[in-house]
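**Student:** Going down the list, the protein sequences come from chains A and B.
When the count follows my numbering, it moves up by one through the first sequence with no breaks and lands on 159 for the last residue.
When the count follows my numbering, it moves up by one through the second sequence with no breaks and lands on 1693 for the last residue.
If a hint is listed, it holds; no wrong ones were tucked in.
Covered, in the sense of this in silico footprint (three residues per stretch, anywhere, with C-beta under 8 Å from a C-beta of chain A), are these stretches of chain B:
hint, stretch
1, 1606–1614
2, 1655–1664
3, 1673–1687
Here are the simulated lysine-lysine pairs, DSSO-like style, with alpha carbons at most 27 Å apart:
hint, chain 1, residue 1, chain 2, residue 2
4, B, K1527, B, K1652
5, B, K1034, B, K1386
6, B, K1664, B, K1527
7, B, K1547, B, K1490
8, B, K1527, A, K58
9, B, K1660, A, K151
10, B, K1105, B, K1386
11, B, K1470, B, K1483
12, B, K1664, A, K49
13, B, K1652, A, K58
14, A, K87, A, K58
15, B, K1438, B, K1386
16, B, K1449, B, K1527
17, B, K1405, B, K1312
18, A, K58, B, K1660
19, B, K1438, B, K1490
20, B, K1387, B, K1105
21, B, K1527, A, K49
22, B, K1449, B, K1664
23, A, K151, B, K1664
24, B, K1547, B, K1664
25, B, K1490, B, K1449
26, B, K1664, A, K58
27, B, K1474, B, K1660
28, B, K1353, B, K1312
29, B, K1652, A, K49
30, B, K1660, A, K49
31, B, K1449, B, K1652
To be clear, the hints were calculated from the coordinates, so they are not data collected in a lab.
Even for Gly, the Cβ is constructed at its ideal location relative to N, Cα and C.
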Amino acid sequence: MANTAVVDSAQSMLDDLRGRYLTFNIGEVSYGLELYHVIEIIGMQPITKVPNLPDYIKGITNLRGRVVPIIDVRLKFGQPERDYDDKTCIIVTTIDDMNVGLIVDEVSDVITLDEQASAPPPGFGAASADRYLSSIAQVGDRVVMNIDIVKFFQNDLPQ
Amino acid sequence: MAIDASMEPMLEVFIFETTTLLEQLDKIVLGAEKTRSFENSGINEIFRIMHTIKGSAAMMDFTSIAALAHAVEDVFFIIREHPDALGSVSENLFDLVFLASDYLKEEMEAVQAFHETRGNPQNLIDQLSRLASLLKGEEVPPDAVGTDLPASVPAPAPEATPVVAAPAGQRYRLRVRYEEGCQMENIRAFMLITQLEDLCDELISIPDRPESDASLSADIIRDGLILIFTPAAGVSLDEIYAVIEAAVNIESYELLDAEAPLDDFEAVHISTADGPTEDDIPREEVTPAQAARAMLPGSGRQQSLISVHQYKLDQLMDLMGELVTTESMVINNVDLRDMRLDNFSKSARELRKLTDELQDVVMSIRMVPLSGVFQRMQRIARDVSKKLDKQVELITLGGETEVDKTINDAIGDPFMHMVRNSVDHGIEDPQTRRRLGKPEVGRIVMEAKNVGGEIVITISDDGKGLDADKILDKARRNGLLTKPESEYSKTEIYNLIMLPGFSTNQAVTEFSGRGVGMDVVRQNIEKVGGSINIDSTPNEGSTFTIKIPLTLAIVDGMELAVGDTIFTLPITSIQQSFKVNDPKQILYNTDGSEMILLRGKCFPIIRLHRIFNFETEITDITEGILILVEGAREEACIFVDELLGEQQVVVKPFPPFLSKYAVKRMGLSGCTILGDGTISLILDANNLLAQHH
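Go ahead and model the full structure; you've got the sequences and the hints to work with.
**Tutor:** Structure representation (structure tokens):
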């Protein structure tokens, strides 16, 4: 009985994360990432370059003994590179039991979205950055583009 | 019969012990099968092995295993007493012992996975006991199943029988088989039984009441529907046959036997269904003297081996890795830089020496000889060649070569596949071989050698070799070609067979050719940091060369700097390092690439910053340093900014996220975390030099 209670509470904690998004900025645009996939946010780290990778994979870094690949979201979205500053940080995400770090210009806050407030992305954007989006939400006076992490990593995940 | 919780700690030991014993058993029997005779020591050894298995299985309450072990033991008991009897039954004997050994191995896996036994060895036990009777020279009617068993079995528990009292009259046993795929066999059986009931005084079916459970269809498909009946007065057997013939979808029926006493049949039947019961009785037949003899080889000897759970060794290895990293963290600590610390340095050297030694010991604990894997291959070669009616001799050399346990475990399956492939696709059948003027017995040679920091294992056969045109053709059809056909070299063509979804055999056989073959082999070998190469000459055979690292975990490396990046080059591949003082020493090839003449030999120069496209300020050849490295096939000098010093590093694989980008083929085998927390990339001389071409 005690065990099921623990499992239940763990499950409900995960359920609590559903619908909650971590928002971050790339330039002027605000993006959202499902909190469910976020492990932690760390400052910039020394990154070891690895040859033969696409531009947007900056290399690998040592996260407490784990070797984690780092992706520059700016470059992944095809936007011009800019120097990292003290607001630049790395969002460590998890997908398929792998950790991947995402470099973003700055992290803003965590928001809760309900399904009704968000609209699906336009269907024609297959070639542009919005092919990674799951929905677009209006929160107060700003618009948050929610990233579908599976689509985002699709080209990089091992087949 | 799941085991008791209190027994769990014993279970691991039991599985380990039994598996080891079974491997020994295979080895002895394989050897004996070759010479067609048993050495005395071999018989004793088998007897002892079976006795031990029986004893521990009984202790663990795995009665079916104990029963089977007992049956094998019985056979060898007789052989030991009457070695002459062996001649008449040997072929059968070897097969049966192998079957028993396979059965036990499967059960071991079941026990490991589910903590209980899964199968019913009764059939094997019956065969073995029949063999035992034959050996004893007893007159055995050929169809009497397990003659000596029912005699020693007490009358079966009456409630277990679905039968009512036996009336008089001739009793028949009939097997009815339904057409394949006619569906609902159980219902059809039920209908037939209802039809026959009127014609019989008594009718029993196996399975009983088939209509009650649809899953009984499977039994009927496998064993047929068995009817045991006594025709009613005035009804002839022919009338019954007529009814059966009139029923639809019946493929065939046969009269198994006519037997008078039903009780006897039931006795046999019950004992077959309920294996464990007869185990207790025959076991008492083991005389004390016999038991004492069986115990003899093991007793009184000093036990100097202990078995350790691999998990603990893995843990030890991990800790060792941490220790090496931490040690370099302390010794190369930034706080200590530029300080004169004579005593500290002295102690640090001591510490280094000890950790080195400790590491060697930890490594050696994990090393196991390849002979175990080779042994299993013998078994595979034997089984496959027997099934395919080919004659194959597998010669293994260098079985004493040791590799890390993890590697040893990982290469078993790929090797098995390759040996199967060689027998199935490589070696021709005896007629063809005779026609080609080859010896009828095909030969597969497996050889392991220790070359530098690597183990090189070759598997070569003298079969028909690979057909380059066929491979190319197949690859074209499957859309696996990536460049014009004329540009493929022989080696490249052969390597095509290791691409996913490639299988040259048209017909899928039981052993190989499921289309998952060689690419899985390659994946498994690459997973442990190895590489595989194929060479082949038509009609002379094929050779597979597999190179695997001695150990995965820790390498002695030289730290090199290129710009901001630190590389680690395994010491084993470094021949020398030197500075070029005069740029005139550099020669230029016709395509402008740099070379250097060293002791009369010309080596190409590979600039790491250039091939990896890294930024560095040191591009003048006289400012940096050249390192002469040795790959598997070639040598070259690599140009780096500076040498940072020697260090032991713990190899970590690249995150799977990067596996898509062929980082390995670029010449990087993994990465490592240095004392200060930065990541260093580990160079792999073979791939580095190969991709330079």
